[in-house]
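Take these sequences, add in the hints, and give me the full structure.
Number of protein chains: 4
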Amino acid sequence: MGSRFAFPVRVYYEDTDAAGVVYYANYLRYLERARTEWLAALGHPLAPLEREHGVVFVVRRAEIDFRRPARLGDALDVGLVVESLSRASLVARQDVRRGAEVLVDARVELACVDAAHWKPTRIPIPLPGAQAHAP
Amino acid sequence: MGSRFAFPVRVYYEDTDAAGVVYYANYLRYLERARTEWLAALGHPLAPLEREHGVVFVVRRAEIDFRRPARLGDALDVGLVVESLSRASLVARQDVRRGAEVLVDARVELACVDAAHWKPTRIPIPLPGAQAHAP
Amino acid sequence: MGSRFAFPVRVYYEDTDAAGVVYYANYLRYLERARTEWLAALGHPLAPLEREHGVVFVVRRAEIDFRRPARLGDALDVGLVVESLSRASLVARQDVRRGAEVLVDARVELACVDAAHWKPTRIPIPLPGAQAHAP
Amino acid sequence: MGSRFAFPVRVYYEDTDAAGVVYYANYLRYLERARTEWLAALGHPLAPLEREHGVVFVVRRAEIDFRRPARLGDALDVGLVVESLSRASLVARQDVRRGAEVLVDARVELACVDAAHWKPTRIPIPLPGAQAHAP
Chain A
7 MGSRFAFPVR VYYEDTDAAG VVYYANYLRY LERARTEWLA ALGHPLAPLE REHGVVFVVR
67 RAEIDFRRPA RLGDALDVGL VVESLSRASL VARQDVRRGA EVLVDARVEL ACVDAAHWKP
127 TRIPIPLPGA QAHAP
Chain B
7 MGSRFAFPVR VYYEDTDAAG VVYYANYLRY LERARTEWLA ALGHPLAPLE REHGVVFVVR
67 RAEIDFRRPA RLGDALDVGL VVESLSRASL VARQDVRRGA EVLVDARVEL ACVDAAHWKP
127 TRIPIPLPGA QAHAP
Chain C
7 MGSRFAFPVR VYYEDTDAAG VVYYANYLRY LERARTEWLA ALGHPLAPLE REHGVVFVVR
67 RAEIDFRRPA RLGDALDVGL VVESLSRASL VARQDVRRGA EVLVDARVEL ACVDAAHWKP
127 TRIPIPLPGA QAHAP
Chain D
7 MGSRFAFPVR VYYEDTDAAG VVYYANYLRY LERARTEWLA ALGHPLAPLE REHGVVFVVR
67 RAEIDFRRPA RLGDALDVGL VVESLSRASL VARQDVRRGA EVLVDARVEL ACVDAAHWKP
127 TRIPIPLPGA QAHAP
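Heads up: the sequence lines are chains A, B, C and D, in that order.
Yeah, the first sequence ends on 141 if you go by my numbering, and it's all consecutive.
Yeah, the second sequence ends on 141 if you go by my numbering, and it's all consecutive.
Yeah, the third sequence ends on 141 if you go by my numbering, and it's all consecutive.
Yeah, the fourth sequence ends on 141 if you go by my numbering, and it's all consecutive.
Please keep in mind that the hints were generated in silico from the structure rather than gathered at the bench.
Misleading hints may appear alongside valid ones.
Note that identical chains are pooled: a pair holds if it fits in a single copy or bridges any two copies.
Straight-line distance between alpha carbons at most 20 Å, and here's what the computed DMTMM-like set of lysine to aspartate or glutamate pairs gives [what the hints assert, rightly or not]:
hint	residue 1	residue 2
1	125	89
2	125	58
3	125	115
4	125	56
5	125	107
6	125	71
Bear in mind that the values here come from a model prediction, so they are computed numbers and not experimental data.
In structure tokens, the structure reads:
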């Protein structure tokens, strides 16, 4: 599946809720930050993807296990491994860790769509994972 | 499974992103609003649940299909049906609709935990769905 | 200054933070919801404003006093009074109340800009407050 | 006033809205991240401040000028300078820059309160700015 891309995230008040932990929807923000930084690290920042290639990656399906809560001030590490890659879509395995502890585990299905009509379209950039799945 | 509880939501700028649609994590906020209003409609607003019963409902797992995007100004309807109910947990089937269109479909597993130690604990209030599953 | 437009808001977990209160930035969301509903009540929902008139209202300046915290489950009332209105801008006095208590007080300066170039442009719809300021 | 503390922020989809720019309330999140990192850089991360000293910094008043919009993918720099410091409160001058451009300018009044009763209390840690204002 290739190596795990990792991106650090710090937990601020904005991320937490009155139960004293990170609000569950906010882990999806963290997951998206890691996906964005992964693309940027590959040389494909988001804004040009939309401006020059006219495409947007959209989440089609997400499965998320919330194992343990993150708390104010935690230094987290958000990971991404490409599970599979096809012409117009991508499955990412993602997790949120605090040191060695896995707090959140996720499987995220993404589709590449054209920014104008929101229709599935070919991924216009080379992404790693493709080669790994070649026979 | 019992009848569908429905709660209306309006899409504001705060909910949308630069792709012109509701940001994917924000549907999880909508889902939680409907769960909160469902509990409130049953006579159990959140704050007393925590204060008097010392419990919090936490999401253990969520599976979400993002079928079509919601947009600025949309009047949405967020639904909840109890799929199953046990001593200390609950599975909710939820969706987000715009009129007859289903935009988002979700299955959400919730656990009842004590607010102090975050350990699974018995749901301290009667919830519908229990009877439906009695033999 | 005309009468106070009021819009109800419920505090959910998503709005709160680990200090047990509504996160300070989230009051600005509440203020915007009330502005949006005020425009809608005047017959001008946001999406057509942008689509048909090609304009967006943007906040140029905000002054906000955070007097008392709102908490999980609170039923709030968000208000708006037009303080002044000119050709291409608007000043709104807004507040967030819990019953008779004023929790937050704000003065918000808005400009009407064209959606394409983000330049100040004439407000394309009649707004109350205009007449009140006519000599 | 002392030197400007700076903290980098990247704009993600989560920060933007359907007008294609950073949603106005989200600049207040950026301002708070910089305040938190400033305290951490001084040796005072937030969580111990609350746990060991029993205090929270709360925003009493904010004045914010939104000069130019930030957009998806922007690399921003959020600054903080202590304008004044007293026994139980603090005024911070903050801004959000993109390169040399100032996008947002803010003046934020903070109070130190005890976490239990939310009453003003002495700032329990040494903060720079105090000495600067001693005669």
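Indices of hints not satisfied (ascending): 1
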